[in-house]
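Q: The primary structure of each chain is shown beneath.
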Amino acid sequence: MQSKKVLLFFVLFFLVAFAVKKGSPEPPSYLPTPYYSLPVSPESNDTVALGRLLFYDNILSGNNEVSCASCHNSYNAFAHTDHALSHGIFDSIGTRNAPALFNLAWKKNFMWDGATHHLDAQALAPLHDPKEMGSSMEELLSKLQASTFYQNEFFNTYQDSLINSRRVLQALASFELSFVSFQSKYDAVKEGDAGFTDQEDSGYKLFDQHCSKCHKEPLFTNGEFMDNNLPVDSSLDDKGRFLVSKQTEDRYKFKVPSLRNLSYTYPYMHDGRFTKLNDVLAHYSSHEQSGFYRKHDLEKPILLSFNERADLIAFLLTLNDPRFVFNPLYSFPDKLKKELTKI
Amino acid sequence: MRAILLVLFGAVSITFTRAQLNFCLATDCSVSVPMRLNSEDSVSTLRFYISNVRIMHGGKIVWSAEKEHYLIDFNQDQLENNNVIGYKGSGLKEGVLKFILGVDDNTSTKGIGEGPLDPIRGMYWTWQSGYINFKLEGTSNQCPTKKNKFQLHLGGFQEPYRTTQNIELKISGEEEAVVFNLKKLMTTINLKEDHTVMSPGEKAVYLMQNAKSCFYAK
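Read top to bottom, the protein sequences are chains D and V. If you read the first sequence in the numbering used here, its first letter stands for residue 2, the second for the next number, and so on. If you read the second sequence in the numbering used here, its first letter stands for residue 4, the second for the next number, and so on.
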């Protein structure tokens, strides 16, 4: 009887160890219930793998030069480092910063203004935008249907070679839902496997006092649209959520981004105006105004000493999840490399 | 004479048989768009979704459509797809024909559909997600737009701009026609102002309410 228990223990131990080793995105218990169910593993042979191929394939753009990954790089937590505004085909520049992609299962809507209400529908926006991929679902389907490579891939995934909008969009969404990032130092502390340094701990207290209302734990966003009183860039005059809701009170409100992985996802804000965390903190401490005053969601300037800023940033850096960012299962798929060399 | 013209050029009719509803432009089912309504106005596209089609009698469903959603398209190449096939009940007796004009809100909150709901049908917005419930395009001398075009893409499933309309029509016999009076709809639209509607909002709701009032049993 005792030996059976020991055996069971070892079996369980290896199962758990195996799951961890495979990078299975088992979310920690302190998370809220996600809106979408998570794929089993980023490497399982299902829609996730197909979505990964599509995500990295330039075939999605009108001139075959741009993929989803062009602006959503896995090594930047699927953001676009160093580019303030999104880039599209024929060197087009968009109007907003390409956001980082992770923990999407916990989002009730997508895009800076929440224009997309369901992840399956999201890819239609960049696909059709003339300043992004400049293509259409119809055009993409005809390219995919003409490709023996994709005929085989769809067959392997769905047991028949039908290639339609729903399958393309669901495959992309599955791959994106596999971007689960909860292996930061913050998470280890939360799980009792690590401890903050004194500086990080001091930063955590400052965060809790000044930032946590909008950047709510454990997702580090409350998922709402807020006006953080950024001076309006007159060249863009982007009214944010108002463009979707047409409600006056939503003018200049944008989705509160998660602060997780923030070292990888600069530049910051919906238009990528700040490149450094210190620029961001300077904004929140000054409440700079440009020309006119408007009602906004910041209660008061966050006045921090030089040391306090350093402490706060030390805490924010514990939200980085290098195991997520450098997970090879999210990078350019080998299969696509082989396919490209054939051409 | 005037009444005949209304049927031929300004009305959509649905012909009932025991097994199916046939959505037609006028009583002659071969009438289609593009169509000239009068010397000023012409319609090039008329398409809309209908959902949850059924006939109620005595509190029970006596007939219901086979599929949840239909894309009714009056383009000449699409007319043959405008049959709504029923699977429940054999004879159509008196009752109330009920359907939703548009994709029902519950379906809209979900992801992407197949068949009539496939986004390649041109009835799904890309920059802001959601189905276009009703699409009416054409030209009118009243429109201060390029080539006098009007484009009314009516949709929106979230409050306060929910556009779907519940339609209930009393029917009394086995052979019935439900008429959609396009001409009436055109007279309710101020094309000088409302010539380009392509996102959810007050105008879309108002125009969908107008469209609702244009269905009647005949």
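Read the hints as simulated data drawn from the structure, not as lab findings. These numbers come from a predicted model, not from an experiment. A few of these clues could be false.
[Stated by the list, open to error] Covered stretches of chain V (in silico footprint by chain D; criterion: 3 or more residues with CB under 8 Å from a CB of chain D, positions within the stretch not fixed):
1. 110-119
2. 185-195
[To be verified] For the chain V half of the interface with chain D, some residues (derived, Cβ under 10 Å), not all of them:
3. GLN161
4. TYR164
5. PRO203
Here a beta-carbon is modelled for each residue, glycine too, at the ideal position from N, C-alpha and C.
Q: Run every hint past the structure and note whether it holds.
A: Hints and how they fare:
{"no.": "1", "hint": "110-119", "result": "holds (count 6)"}
{"no.": "2", "hint": "185-195", "result": "violated (count 0)"}
{"no.": "3", "hint": "GLN161", "result": "8 Å, holds"}
{"no.": "4", "hint": "TYR164", "result": "7 Å, holds"}
{"no.": "5", "hint": "PRO203", "result": "8 Å, holds"}
The structure fails hint 2 only (numbered hints given earlier).
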